[in-house]
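Number of protein chains: 2
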Amino acid sequence: MRNGHIVLMNLRQLGRMGDAAKEFLAPFGELYNKQTMSREEFAAIAPDVDILVSGSNLRIGKSELDNYPKLRMIANFGVGYDGYDLEEVNRRKLFLTHTPDVLTDDVADLAVGLMFAAARRIALSDAFVRNGGWAKLETMPIGTRVSGQRIGIAGLGRIGSAIARRAEALGMQITYLDRRAAEKNWARAKSMIELARASDFLVLAMNATPENRHIVNAEVLKALGPHGFLINIARGVLVDTEALIAALQSGTIAGAGLDVFENEPEIDSRFFKLTNVVLSPHQGPATVQTRRDIAQLVAENIRRVLAGEAPLTPVPGTRTA
Amino acid sequence: MRNGHIVLMNLRQLGRMGDAAKEFLAPFGELYNKQTMSREEFAAIAPDVDILVSGSNLRIGKSELDNYPKLRMIANFGVGYDGYDLEEVNRRKLFLTHTPDVLTDDVADLAVGLMFAAARRIALSDAFVRNGGWAKLETMPIGTRVSGQRIGIAGLGRIGSAIARRAEALGMQITYLDRRAAEKNWARAKSMIELARASDFLVLAMNATPENRHIVNAEVLKALGPHGFLINIARGVLVDTEALIAALQSGTIAGAGLDVFENEPEIDSRFFKLTNVVLSPHQGPATVQTRRDIAQLVAENIRRVLAGEAPLTPVPGTRTA
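If you read the protein sequences in the order shown, they are chains D and P.
Sequence positions in the first sequence follow numbering that gives the first Met the number 0 and run 0 to 320.
Sequence positions in the second sequence follow numbering that gives the first Met the number 0 and run 0 to 320.
In short, the hints are calculated from the structure, not lab data.
One should not assume that every hint holds.
Calculated cross-link-like contacts (lysine-lysine; reagent style DSS-like; alpha-carbon spacing at most 27 Å) [said to hold, decoys possible]:
hint	chain 1	residue 1	chain 2	residue 2
1	D	LYS189	D	LYS221
2	D	LYS92	D	LYS69
3	D	LYS221	D	LYS272
4	D	LYS135	D	LYS272
5	D	LYS135	P	LYS33
6	P	LYS61	P	LYS33
7	P	LYS135	D	LYS272
8	D	LYS272	P	LYS272
9	P	LYS92	P	LYS21
10	D	LYS33	P	LYS135
11	P	LYS33	P	LYS69
12	D	LYS69	D	LYS33
13	D	LYS21	P	LYS135
14	D	LYS135	P	LYS272
15	D	LYS135	P	LYS21
Model the full assembly from the supplied sequences, consistent with the hints where possible.
Right under this line is the structure:
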């Protein structure tokens with residue numbers, strides 16, 4: 000295996016990912032972290048970067064790629080790849096890999112965790128106790144049952160299916176929206192609005208594509224209704240933020256649990272004033288165990304490409320050899 | 000059915016329970032709420048009270064019972080009955096009923112919710128986002144995986160079993176501590192310390208009895224270890240609060256999710272400064288759906304006793320007819 004490659008770590012606001020990743024990537028060359036470099040330092044190394052380790056949320060398009068004339072590979076630290084211009088990636092014959100499977104359980108866990116947190120008001124309760132509300136015998140708004148309620152899952156891929164398995168154990172009635180999947184035991188919705196109507200908990204676990212931008216709009220939220228909760232562990236762009244904030248403010252829906260947002264991490268500050276939403280800083284796969292698994296898979300993809308082997312987990316539709 | 004009885008609502012810090020309860024109890028007589036009455040008002044009606052609707056956390060012993068010379072029945076609003084002096088209740092030939100089963104799912108849900116909230120730092124994250132930490136690219140401490148980890152369940156009654164079923168769906172390895180239950184598929188621990196050693200998540204779902212006061216002590220917490228979490232949805236008295244606070248402060252255990260506390264609601268204020276604990280104000284069964292179910296069962300027990308029928312759910316070891 001050749002060595003001496005320059006690998007640029009480009010994991011904005013995910014610096015904590017860096018430690019696990021660095022351990023596994025160190026064998027492959029010099030590591031740099033763009034987030035800790037000055038413009039001048041970056042300009043000095045960019046022309047020699049041949050591998051980029053990045054998060055999809057950075058939105059790497061043509062103009063960003065122009066910085067790296069020697070780039071051979073982008074190893075995405077995560078499963079979603081909506082931040083990349085696949086056409087441009089393929090035009091440049093770049094390898095683009097991602098990390099499916101290893102984070103499925105963690106993201107599905109967080110979806111369920113946010114469902115409980117939103118319905119049972121766990122974050123609000125914690126603040127209530129810490130602020131002395133309980134001791135003063137103030138009343139907390141009462142919660143909503145999760146077990147046995149209706150869940151609607153948008154996107155029945157790996158993560159959506161893992162959420163469904165957890166929901167089954169909670170005795171929930173499952174409806175799903177997915178063009179390809181066909182599950183006999185669960186009800187299938189024909190549209191997002193039909194899914195919302197069939198849901199006490201509407202959980203987004205679908206890919207972000209240009210077509211489903213803002214697929215959860217005012218009309219869908221109205222269909223979800225005043226007893227319904229929206230859970231989003233997929234991508235912020237799936238939801239019309241203006242419509243969601245209005246729905247939370249007016250009680251058009253009961254609440255939300257959100258791990259992803261439009262324009263994260265600079266999210267709409269009106270969220271901060273709402274007590275019926277649980278806000279999570281995009282940490283679906285943010286566990287010690289999974290960070291290591293992701294870093295290991297990123298490293299294995301890099302090792303293979305450098306050794307002239309096929310990458311283990313190329314992004315669908317991109318170079319495989 | 001006779002009518003005109005006085006039912007004293009005695010649901011301290013659970014005033015919100017009152018609304019559902021009142022609706023179902025109104026047919027049985029005049030309703031009073033001790034918490035909203037002056038000492039004088041209370042003294043005027045106490046001698047005529049014949050039914051008490053209460054929460055077990057009030058600790059109703061002989062001296063409290065002496066206030067109600069005509070008392071015939073205590074209908075406990077909840078499942079735990081450690082707050083009553085059963086000997087005294089039986090000596091007075093009182094009916095004492097509680098509300099098992101109807102709250103099982105909610106309490107088991109909250110146990111799982113607190114497990115996710117503690118391990119995935121959901122309450123801390125929410126505060127982090129609201130305080131602007133995310134936008135400023137500050138780092139959040141990374142979480143711990145829940146799926147597939149080891150859970151130890153102390154008490155395999157209705158609620159413990161419901162927690163175990165949820166844990167199975169999360170692919171967790173189950174160990175339990177229970178003198179009576181025997182489950183073939185799960186490992187059985189012989190002591191609390193053995194259970195703690197076998198657990199990443201030690202979940203308390205047992206009754207509070209004089210013997211198991213402070214059964215979770217410093218030694219047990221040490222056995223749980225620096226990657227372990229304590230979840231308590233049962234009773235605060237099961238845990239030595241001093242030992243728990245020391246263990247959370249020193250990192251002897253990783254964290255905790257607590258719905259119950261010694262001396263609640265005036266809980267130890269040192270908890271408020273800890274970031275590795277999720278604090279919940281005793282709301283295991285606090286959902287709209289379950290409050291109604293509990294209130295309905297309380298009312299049905301009262302209806303039956305007033306009609307001379309056997310109560311539906313007497314506390315074990317108390318009068319059944």
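Tested hints:
1. D:LYS189 <-> D:LYS221: holds (17 Å)
2. D:LYS92 <-> D:LYS69: Roughly 11 Å between the alpha carbons, so the hint for D:LYS92 and D:LYS69 holds.
3. D:LYS221 <-> D:LYS272: holds (21 Å)
4. D:LYS135 <-> D:LYS272: Judged against 27 Å, a Cα distance of about 23 Å means the pair holds.
5. D:LYS135 <-> P:LYS33: The given pair, whose Cα atoms are some 17 Å apart, holds under the 27 Å limit.
6. P:LYS61 <-> P:LYS33: holds (18 Å)
7. P:LYS135 <-> D:LYS272: Roughly 18 Å separates the two Cα atoms, so the pair holds.
8. D:LYS272 <-> P:LYS272: Status holds; Cα separation ~23 Å.
9. P:LYS92 <-> P:LYS21: holds (26 Å)
10. D:LYS33 <-> P:LYS135: Judged against 27 Å, a Cα distance of about 17 Å means the pair holds.
11. P:LYS33 <-> P:LYS69: Distance of about 17 Å is within 27 Å: holds.
12. D:LYS69 <-> D:LYS33: Holds, at about 17 Å.
13. D:LYS21 <-> P:LYS135: OK: D:LYS21 and P:LYS135 at ~23 Å, within 27 Å.
14. D:LYS135 <-> P:LYS272: holds (18 Å)
15. D:LYS135 <-> P:LYS21: holds (23 Å)
Of the numbered hints stated above, none is contradicted by the structure.
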